[in-house]
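In order, the protein sequence lines correspond to chains A and B. All residue numbers for the first sequence refer to the numbering used here, where the first residue is 1 and numbers rise by one. All residue numbers for the second sequence refer to the numbering used here, where the first residue is 1 and numbers rise by one.
Please keep in mind that the hints were generated in silico from the structure rather than gathered at the bench. The structure presented is a predicted model; accordingly, all values stated were derived computationally and were not measured. Yeah, the Cβ is synthetic: ideal placement off N, Cα and C, and Gly gets one too. Treat each hint with caution, since some may be false.
What the hints assert, rightly or not - Just some of the chain B residues that point at chain A, by a computed CB distance under 8 Å: (1) Cys18; (2) Asp19; (3) Leu83; (4) Leu139; (5) Phe143.
As the list claims (entries may be wrong) - The list that follows gives simulated cross-link-like pairs (lysine-lysine, DSS-like), each with its CA atoms no further than 25 Å apart: (6) Lys37/B to Lys148/A; (7) Lys158/A to Lys37/B; (8) Lys8/B to Lys158/A; (9) Lys148/A to Lys8/B.
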Amino acid sequence: MLSLSGGLFLGWALGSNDAANVFGTAVASRIISFRTASILCGLAVVTGAVLQGQEGIHTLSGLTEQTIRTLVITSLCAALTVTLMTILSLPISTSQAIVGAITGIGLATGYVNFSGLEKVVICWIATPVGAMFISFIVYKILGIIFTKIPMSMLTRDKILWSMLLVVGVYGSYALGANNVANATGIFSGQFKGITDTDLALFGGLAIAVGVITYSRRVMMTVGGGIMRLDAFAALVAVTSMAITVHIFAVVGVPVSTSQGIVGAIIGVGIIRGVHTIQYRMLRNIGVGWFLTPTISLILSAAGYAIFCRPIAG
Amino acid sequence: MFFENKQKKVESQITQYCDSVINCLDEFRNTFTEYCKSSDRAQLASDYTRVHKAESIADDIRREIEVMMYTKALFPESRGDILGLLETMDKVPNEAESAVRMILNQHIEIPEQFRPDILQLVDICHRCVSAMIESVNKLFSEFTNATVAIGKIDELESEADFIEENLIENIFASNIEGWRKLLLRDLVKRIAGVSDRAENVGDRVRIIVAKRRI
Numbered sequence: 001m002l003s004l005s006g007g008l009f010l011g012w013a014l015g016s017n018d019a020a021n022v023f024g025t026a027v028a029s030r031i032i033s034f035r036t037a038s039i040l041c042g043l044a045v046v047t048g049a050v051l052q053g054q055e056g057i058h059t060l061s062g063l064t065e066q067t068i069r070t071l072v073i074t075s076l077c078a079a080l081t082v083t084l085m086t087i088l089s090l091p092i093s094t095s096q097a098i099v100g101a102i103t104g105i106g107l108a109t110g111y112v113n114f115s116g117l118e119k120v121v122i123c124w125i126a127t128p129v130g131a132m133f134i135s136f137i138v139y140k141i142l143g144i145i146f147t148k149i150p151m152s153m154l155t156r157d158k159i160l161w162s163m164l165l166v167v168g169v170y171g172s173y174a175l176g177a178n179n180v181a182n183a184t185g186i187f188s189g190q191f192k193g194i195t196d197t198d199l200a201l202f203g204g205l206a207i208a209v210g211v212i213t214y215s216r217r218v219m220m221t222v223g224g225g226i227m228r229l230d231a232f233a234a235l236v237a238v239t240s241m242a243i244t245v246h247i248f249a250v251v252g253v254p255v256s257t258s259q260g261i262v263g264a265i266i267g268v269g270i271i272r273g274v275h276t277i278q279y280r281m282l283r284n285i286g287v288g289w290f291l292t293p294t295i296s297l298i299l300s301a302a303g304y305a306i307f308c309r310p311i312a313g
Numbered sequence: 001m002f003f004e005n006k007q008k009k010v011e012s013q014i015t016q017y018c019d020s021v022i023n024c025l026d027e028f029r030n031t032f033t034e035y036c037k038s039s040d041r042a043q044l045a046s047d048y049t050r051v052h053k054a055e056s057i058a059d060d061i062r063r064e065i066e067v068m069m070y071t072k073a074l075f076p077e078s079r080g081d082i083l084g085l086l087e088t089m090d091k092v093p094n095e096a097e098s099a100v101r102m103i104l105n106q107h108i109e110i111p112e113q114f115r116p117d118i119l120q121l122v123d124i125c126h127r128c129v130s131a132m133i134e135s136v137n138k139l140f141s142e143f144t145n146a147t148v149a150i151g152k153i154d155e156l157e158s159e160a161d162f163i164e165e166n167l168i169e170n171i172f173a174s175n176i177e178g179w180r181k182l183l184l185r186d187l188v189k190r191i192a193g194v195s196d197r198a199e200n201v202g203d204r205v206r207i208i209v210a211k212r213r214i
């Protein structure tokens with residue numbers, strides 16, 4: 001069970017980084033308080049993880065063959081990478097961190113399931129692009145609703161507030177369903193008496209703790225860093241991200257909510273005019289996305305070389 | 001349930017505030033109409049009291065709304081927008097009151113030949129403020145249509161500017177004493193200032209709508 005602590009650490013790191021993608025826009029725009037957002041997000045994450053998290057756990061556990069020792073190295077290296085990026089306030093992909101770490105171990109041991117890896121990498125590209133296109137559609141549909149129905153400025157606020165809450169909870173559910181695999185998926189089948197549902201529950205709880213204790217910093221980056229979002233744009237971005245991530249949860253590929261939300265925000269930015277996008281922040285996020293799998297890959301390969309080789313030999 | 005009652009209360013208070021502003025402008029127009037008719041200073045003093053009272057009532061309602069908005073939740077962005085709007089609106093009755101006070105304190109007599117134009121200017125300012133109130137009320141009923149009335153404000157403000165310029169030119173072309181010319185010019189500018197303030201409110205409304213444009 002102690003071996004699982006690496007996965008729980010990763011779950012905590014994931015929660016501290018990825019909750020921003022769901023409630024960051026609303027919290028940074030001061031539409032919802034951080035306290036309300038983090039509690040709602042935590043509850044929905046655990047629910048999503050337990051009800052729909054097993055499919056992703058199954059996919060991730062098949063990427064490479066692991067021993068308990070390599071599992072601990074994998075999860076710790078991924079968690080360290082995510083924590084480092086969280087300290088830098090960069091919304092990065094936990095999926096990239098864990099897959100980078102798994103691949104690092106795989107390269108070191110000489111076994112990598114490249115076909116599974118290919119599916120995951122394609123989804124990394126498909127996530128922001130898909131979220132961007134979904135945001136175009138969501139923007140148009142919500143735009144028609146909010147333009148055609150006559151309402152007071154304050155009624156509009158109230159509707160947006162309520163919808164942001166609902167969509168935030170849905171996004172958190174999708175986050176739990178999709179991303180719990182990143183936290184505890186690699187431990188699938190490794191412990192007697194611990195089922196995938198148990199792993200989903202542990203992972204979900206770890207993510208929830210991360211959300212509640214340490215997610216505020218990245219929330220502020222996501223909410224205000226890429227472009228200044230009003231409540232309507234925030235609603236479109238979170239809805240698009242949640243739909244995208246939920247689709248991937250159903251398919252069984254753990255993808256990045258960070259990539260989803262950034263893709264969706266860019267989509268909104270394109271509709272509103274590209275001048276609204278802050279390219280410097282976008283570049284930093286892009287660098288973060290490149291560095292995340294690279295750092296975790298190097299760390300895990302190095303970790304394997306240090307802690308596993310002598311014993312294996 | 002979130003800020004349901006709060007929203008209704010804010011909306012009803014703002015409607016009340018709009019009513020008080022238009023009431024002040026009614027008193028402003030009546031005062032000028034009466035003064036141009038009779039030049040009775042006692043009557044003017046009593047009319048000024050009514051204008052002042054109407055302006056004070058508007059001020060009280062505005063302060064109540066401001067306090068209410070800080071003590072309970074609304075969208076921070078909307079709160080800022082509404083507070084800014086109220087601050088800008090507040091200048092309209094202030095300007096109207098100060099125009100009436102100017103006649104009273106500075107003992108300004110309006111020569112017969114300028115009275116029709118001044119009354120016309122006052123009337124246009126009144127209509128301009130009515131259009132302003134219409135646009136503000138729209139924000140709290142169907143806000144996307146709030147900009148329709150802004151076109152009317154702009155139009156009336158331009159009309160007021162035109163009359164103001166003509167009046168000033170005519171004042172200086174007339175045979176009255178120089179010091180009276182200066183007083184009348186200041187009075188005309190002060191009256192036209194009402195439509196300028198209304199136009200500022202229209203600009204605020206325009207920004208509020210633009211910020212929420214989809």
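A quick look at each hint next to the structure:
Restraint check, Cys18/B versus chain A: the minimum CB separation of about 14 Å is more than 8 Å; hint violated. At its closest, the beta carbon of Asp19/B sits 17 Å from a beta carbon of chain A; the interface hint therefore is violated under the 8 Å criterion. For the restraint placing Leu83/B at the interface with chain A, the shortest Cβ-Cβ distance is roughly 13 Å, beyond the 8 Å limit, so the hint is violated. The beta carbon of Leu139/B is positioned within 8 Å of a beta carbon in chain A (closest approach about 5 Å), and the interface hint is therefore held.
Given the 8 Å rule on beta carbons, the hint for Phe143/B holds: about 4 Å separates it from the nearest Cβ of chain A. The suggested pairing of Lys37/B with Lys148/A is violated, with an alpha-carbon distance near 50 Å, which exceeds 25 Å. With a C-alpha separation of about 51 Å, the suggested pairing of Lys158/A with Lys37/B is violated against the 25 Å cut-off. Using a Cα cut-off of 25 Å, the hinted pair Lys8/B and Lys158/A holds, with the two alpha carbons roughly 12 Å apart.
For the given pair, Lys148/A sits about 22 Å from Lys8/B by alpha-carbon distance, which is consistent with the 25 Å threshold.
Violated hints, listed in ascending order, are 1, 2, 3, 6 and 7; each of the other numbered hints is respected by the structure.
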